[in-house]
Amino acid sequence: QKEVEQDPGPLSVPEGAIVSLNCTYSNSAFQYFMWYRQYSRKGPELLMYTYSSGNKEDGRFTAQVDKSSKYISLFIRDSQPSDSATYLCASHPLSGGYNKLIFGAGTRLAVHP
Amino acid sequence: KAGVTQTPRYLIKTRGQQVTLSCSPISGHRSVSWYQQTPGQGLQFLFEYFSETQRNKGNFPGRFSGRQFSNSRSEMNVSTLELGDSALYLCASSLSGGPQETQYFGPGTRLLVL
Numbered sequence: 103q104k105e106v107e108q109d110p111g112p113l114s115v116p117e118g119a120i121v122s123l124n125c126t127y128s129n130s131a132f133q134y135f136m137w138y139r140q141y142s143r144k145g146p147e148l149l150m151y152t153y154s155s156g157n158k159e160d161g162r163f164t165a166q167v168d169k170s171s172k173y174i175s176l177f178i179r180d181s182q183p184s185d186s187a188t189y190l191c192a193s194h195p196l197s198g199g200y201n202k203l204i205f206g207a208g209t210r211l212a213v214h215p
Numbered sequence: 075k076a077g078v079t080q081t082p083r084y085l086i087k088t089r090g091q092q093v094t095l096s097c098s099p100i101s102g103h104r105s106v107s108w109y110q111q112t113p114g115q116g117l118q119f120l121f122e123y124f125s126e127t128q129r130n131k132g133n134f135p136g137r138f139s140g141r142q143f144s145n146s147r148s149e150m151n152v153s154t155l156e157l158g159d160s161a162l163y164l165c166a167s168s169l170s171g172g173p174q175e176t177q178y179f180g181p182g183t184r185l186l187v188l
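These protein sequences, in sequence, are chains Z and E. Sequential numbering of the first sequence, starting at 103, is according to my numbering. Sequential numbering of the second sequence, starting at 75, is according to my numbering.
Worth double-checking, as some hints may not be accurate.
Stated by the list, open to error - Simulated restraints on C-beta separations:
| hint | chain 1 | residue 1 | chain 2 | residue 2 | range |
| --- | --- | --- | --- | --- | --- |
| 1 | Z | Asp168 | E | Gln128 | 31 to 39 Å |
| 2 | Z | Gly118 | E | Thr127 | 44 to 52 Å |
| 3 | Z | Pro116 | E | Tyr84 | 29 to 37 Å |
Hints were generated in silico from the structure; no laboratory data involved. All values derive from a computational prediction rather than experimental measurement. Don't be surprised by glycine CBs; every beta carbon is placed ideally from N, CA and C.
Bound conformation, chain E alone (with noise of 0.2 Å):
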């Protein structure tokens, strides 16, 4: 079974740009978590999404957004891009959502502001 991919795998963008991150997860699996990884906050929960609906939401501005297409696949955009937004961005899949599920994580996108 095809984990979990997303694309692109690096990005360089200017601040002021946006950006849109796409997110595959594994066959079957509905819902779908955003997080953002930097060296000094660590893994930081963006959003989560379950038949094309936002359930869940962590604490960032507005700038972030997502959505989940019917094939439960998923993009996140960040408009007006921040020099602090420069982080690796991860995707984890499970079949619903419940806390005894496994995410499983993508590799990541890589997104540089300069």
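Isolated chain Z (complex conformation) (with noise of 0.2 Å):
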């Protein structure tokens, strides 16, 4: 079993639509949970960063952790084609040594108009 699981997809979804991305992880270990955005043929660049259990909302996105059911989420509001991209949760265990980032599969979203 991978410590990030993540359903790869892919997810389509109209344009304005709520898109909702989720990852379950197992080790009680892990403090720190970020969503990367990647866009073809380009490297991961970091979305939302959120430590522990709790809400945190950017513009558009909103990141959810709820560590009693070891789940991460990843809400896209009112959605973009310029949305259309792979996300991946990661997730740092605070003892896991340094930068060891340990990613889920990647959900490839596509945002048709």
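Make one complex out of these two single chains by using the hints.
Structural data, given as structure tokens:
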């Protein structure tokens, strides 16, 4: 079993839809959670970063962490064609050593006009 | 500020050969990490360097190695290439490698092993 599980999709939604992307993790030591966005032929870029449980909002994006169920979510409101990309959840254990991010498989999202 | 740069962007090699990939971090960043991305396994951590020292290592065979220079630039080397080494190799940099720091990724080097 992978430490971070993520449905690879693909997910196809119409423009303006609310998108929900989800991951589960198995390691209770995970404390830091991130969402990266990766466009085709580019490196991942950090979208959202949360520590421990709770919600964090940034514009149209909301990241949610529920440590009791080991569940990580990213919500995208009013989705745009420019949001079409692969979204990767990642985690960093508190004692996992330097910069060792554990990634999910990535969910490919397509937003069509 | 210039981002993370990686060279070359594309590479074709044959089985048994070796390859060296290069990464230049963002100016002022001293921690450099390397990841392998494949369709089957996703993004997997290879190793991390800080001040020319490897501080962390993933579960890859010894054919994968790296180093970091005094200017924080890093190289990774893969010897005796196998078909399964075909992947996108990504490098990321951060200030000092702490868990609360953002890692900035480069565009990657796409390696094809024939």
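Each hint tested on the structure:
Taking the beta carbon of each, Z:Asp168 and E:Gln128 are about 35 Å apart, inside 31 to 39 Å as hinted. With their beta carbons about 50 Å apart, Z:Gly118 and E:Thr127 fall inside the hinted range of 44 to 52 Å. For Z:Pro116 and E:Tyr84, the Cβ-Cβ distance of about 35 Å falls inside the hinted range of 29 to 37 Å, so the restraint holds.
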